[in-house]
Amino acid sequence: MKTIVIGVIGADVHAVGNKIIEYTLTKSGYNVVNIGVLSSQEDFINAAIETNADMIMVSSLYGHGEIDCRGMRDKCIESGLDKILLYVGGNIVVGKQDFTEVKNRFIEMGFNRIYPPGISIDEALKDIKTDLGE
Amino acid sequence: MANYLLIDFGSTFTKLCAVNTEEYSIIGTSSDFTTVETDINEGYQKALEKLFDKIGKQINFEQVIACSSAAGGLKMAAIGLVKELTVEAAKRVCLGAGAKVDLVFSHHLNKNEVQQIIDKKIDIILLAGGSDGGNSESVIYNANLLGELGINIPIVFAGNKSAQDDIQDIFNKYNMNGHICENVMPSINVLNINDAREKIREIFLKQIIAAKGIKKIEQQINKVILPTPSAVLEAAKLLSEGYLEEDGLGEIVVVDIGGATTDMYSICESTKRSDVIVQGLEEPFAKRTVEGDLGMRYSAPGIVKSLSEREIKFINKDKGIDIVNEVNRRYSNVKLLPENSQDEFIDQFLAEMCAYRAMHRHVGRIQEVLTPMGKVYNQVGKDLSDVNYVIGTGGVIIKSNHQYEILRQTTNILHNPQELRPNDPNFLIDHDYIMAAMGLLSKIEPMAALKIMKKHICQIRGNQDEITK
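Just so you know, the protein sequences line up as chains A and B, in that order. In terms of numbering that gives the first Met the number 0, the first sequence has 104 at position 105, counting the first letter as 1, and numbering is strictly consecutive. In terms of numbering that gives the first Met the number 0, the second sequence has 263 at position 264, counting the first letter as 1, and numbering is strictly consecutive.
Okay, chain B solo, but in the shape it has when bound (with noise of 0.2 Å):
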């Protein structure tokens, strides 16, 4: 017998999924309400019975192993030195890493900003800045400033190897809980995400979790090892790549639109054209972003400020309701589910706004230069177009009955003919909201992760005419 328990803390439900991994198949899923102001494990238990329920017996379980986004998942400030280079690199390792990026910082910093650092409890600070060999002056003066205002939260320096033997006297001087990585940008527009990112993991493992109480439940539980963002891009990467004989389905994007933020993770080369000039900063082969402002419940007030004001009353008019009364009802009421189908509609149209404007920030455009050489394609950013498949994941999407027109969204260039958004692809959906536990499966079994993820993640509903048309 080979059960395992895979669990997600996230910011509102504690969603349980139960496997067997010899027969890759899924016993049961289950979920709850998160209580990690109380005792975290008040909502597992609860969650926990009602898993039993469902099947019918109390079972045993081999392992159990958690990702976590609660109390607020992990809240990182990047900093750097330019903000298109090294200031780059550092969001996009702390994105890839799982986190929440709420700072950003470029050059020298001043103490308004590390104020910000204190104010928005964050937990984990990437410094970054120079290229090997490069500016180490920004990085030291940096680092001597956290200190002198006795910034104790931990640090991953990850900028210019020549400022390493500076940093850590720095560290050192001050007392400060520092960790140094490789340079995320060891030569211009070159990323190098691995060695800051399993760094950030493990301090999230070692001491971020005890900090937020959810430490508490690792009695109950064998651990907790991931964010959990970082636990679906694992999901979407062996999903992609496939493992060993078993193929996987090729270059993917995982749309994920949650209460607070809309997350869009593309596995795929940033080009496979040889006819264009890249331009900027190298893109990951596996990228998550993450927009904070879009989201169907904390954050849907973003979604109406990033409309203007004609916009608004076209809403208004053409669809007879009152969009930002709604959008504030939403904000006010996060557990807010939809009565009647006017709700219905809204959060569909909420939805479908998330998922084409976190396309909009996340995809790769290309521009026609014009040369005496003639015609010449210059791209900045990932190119999405033969992507194969587009797979929607998150509560609004799974439960929408129009959940087609929420996924066109990423493909629709109406306003953007230069973006390079999904050309043509098949439309998948996690009906059964396992990706962050397959993530965490990823870790032990692959094999079974992927087998059951092929099962499970499928064909959408909807009438075919919907989705022929």
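Next up, chain A with everything else stripped away, as it sits in the complex (with noise of 0.2 Å):
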């Protein structure tokens, strides 16, 4: 069974969109290993290492995401996590901006795969799927 680390990064408290996450994957048949609110990338990569995850799925809603992911991929690659897959999404930059940019910040920053507001999780879990197989 594949394993997926999840929880929303920074001084961010949205609880709602996560349980939705972690109920959505676990049904999809993954191991779902969910770190809650108000986590560090320390948490994350902390948790990804004691549960030999194949993915992290990081979750922030309230505009400060591309600060509170800065230097992820790099701490990731310190700890031994190389091939990790880095998923993020939600309301991840402040205002509205032309998300192919913003794509393309999170893409140099080391994420695989980046989501726009308003995604639902089960269009993530097609990608899900093809990244880490049925």
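Possibly wrong hints are sitting among the right ones.
[Stated by the list, open to error] Covered stretches of chain A (in silico footprint by chain B; criterion: 3 or more residues with CB under 8 Å from a CB of chain B, positions within the stretch not fixed): (1) 2 to 14; (2) 27 to 34; (3) 44 to 51.
[What the hints assert, rightly or not] List of simulated lysine-lysine pairs, DSSO-like, C-alpha gap at most 30 Å: (4) A/74 x B/82; (5) B/205 x B/120; (6) A/18 x B/82.
[Stated by the list, open to error] Pair by pair, the computed Cβ-Cβ distance ranges are: (7) A/70 x B/281: 27 to 33 Å; (8) B/193 x A/66: 56 to 62 Å; (9) B/217 x A/18: 55 to 61 Å.
It is worth saying that the hints were derived from the structure and are not from the lab. Backbone N, C-alpha and C define an ideal beta-carbon position, used for all residues, glycine too.
Join the two chains, each given in its own frame, into one complex according to the hints.
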């Protein structure tokens, strides 16, 4: 069974979407490790090491996701998680910016998949299945 | 007649406590030096003579049971994967089992670290790592390395369940003294103490006490059942929770300042508030921490090491003493007893420092986080602010003329307002030094142990002004 670490990064306490993601992914047959709200990059990485996770899925709903996610890929590499998949989604930047640009910035930061606001977890599920296998 | 003799073979003193469990009373207490280097029986017999002298006659005991921290106590190495997760979980299990955690390692071990395990004469290794179904590569690597390097001291494996079979194969292959237990952290931030703790206690009884020359005494007494700190933890739990219709004291903290360590115990939930977000590894309801660098004699230099140069100068000037010199004098003469008021004053000061710092490391912290949703409280560790009682034990507190001043340090938030220290607790003292003994008794006669503790652990000495200040 593939393991996915999920949580909400930074000083962000939006708990509802986090529960929906946990529910959907668990129902789809993944081993979900939910570290909850107010989580730091280190919390995600530590949980991924201990659980031997295949993917980290970061949620950020309060606009400061870009600051919170900076350097996360580097820390993963330092921690021996070179191959781990990094997903991010929510309202990850401040205001209404052109999403292509936003996406490119996050790709440069080492994220594998980046989702704009308003996307449901079911849409991301297709990518997860492609990336991790059924 | 139901007379029990309870013994604590300490690192320095062998302490005896005779109780009558029908009258819920202490018949007498006595102590003498622990003589583990020669024959542990000598010190025990001397203390026993003293006890009979005090009582005025020889009496028979229904059972004689003991706890021990002699010959260095139970020395353990805790090994895990990530520092904040399985390493911390492994450490807490060792502490809960009454051990001294001399070594802590994370990720892959190296040869130097294994050598340290040999050099420090570790008694038991706790090997953890990986949540259930998670990482198993690390524990397998570590077990293999320990096997290859010929480690034959007891190893308790309490890591990823999915690695158990591989670990058992490694134990068999290298003919190791291995034991398999439930995972200390079955899933992220969940702590599972009991199974591994019981296994550690079992190994302590079957293998460790024999190696430490304590087994010799078993013809004289019925058995040694616990490491001493573990007995104190049992006593604290009983005193807090109560037994059947006899109420306990509710949430409590126990501080035990000794020559080599300062132990802090808290019996309470990690938080009662619903408006905080608790983070990090789950906290045990009955939590013990040990500060190996805070103590009145062996570890007195550690107290000064934790001070800045400026603070040392300030203390020397303010109090008119040479603190570094005084601390070294205590370190080089661990049997030193205060001879004059200056000695007493310095011991008092050191004890206050121990209480303050040990609480600083034991207690949880709360932080205000400003979010777009408003203010949120983020808590790490245990919230002790509503604790009913802080209980002092250990020679220096019991003998001090200013007990209140020492215990008050556990509530001092002068420099760290975010610490969740006890807010307004009552202070109690274990006057007769019975907590370890009552922990032992709680295993046979919990009601008697509870009633005796409630009777004998009482208000602090000192004038009332000082207390109500």
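What hints, given by number in increasing order, does this structure fail?
8
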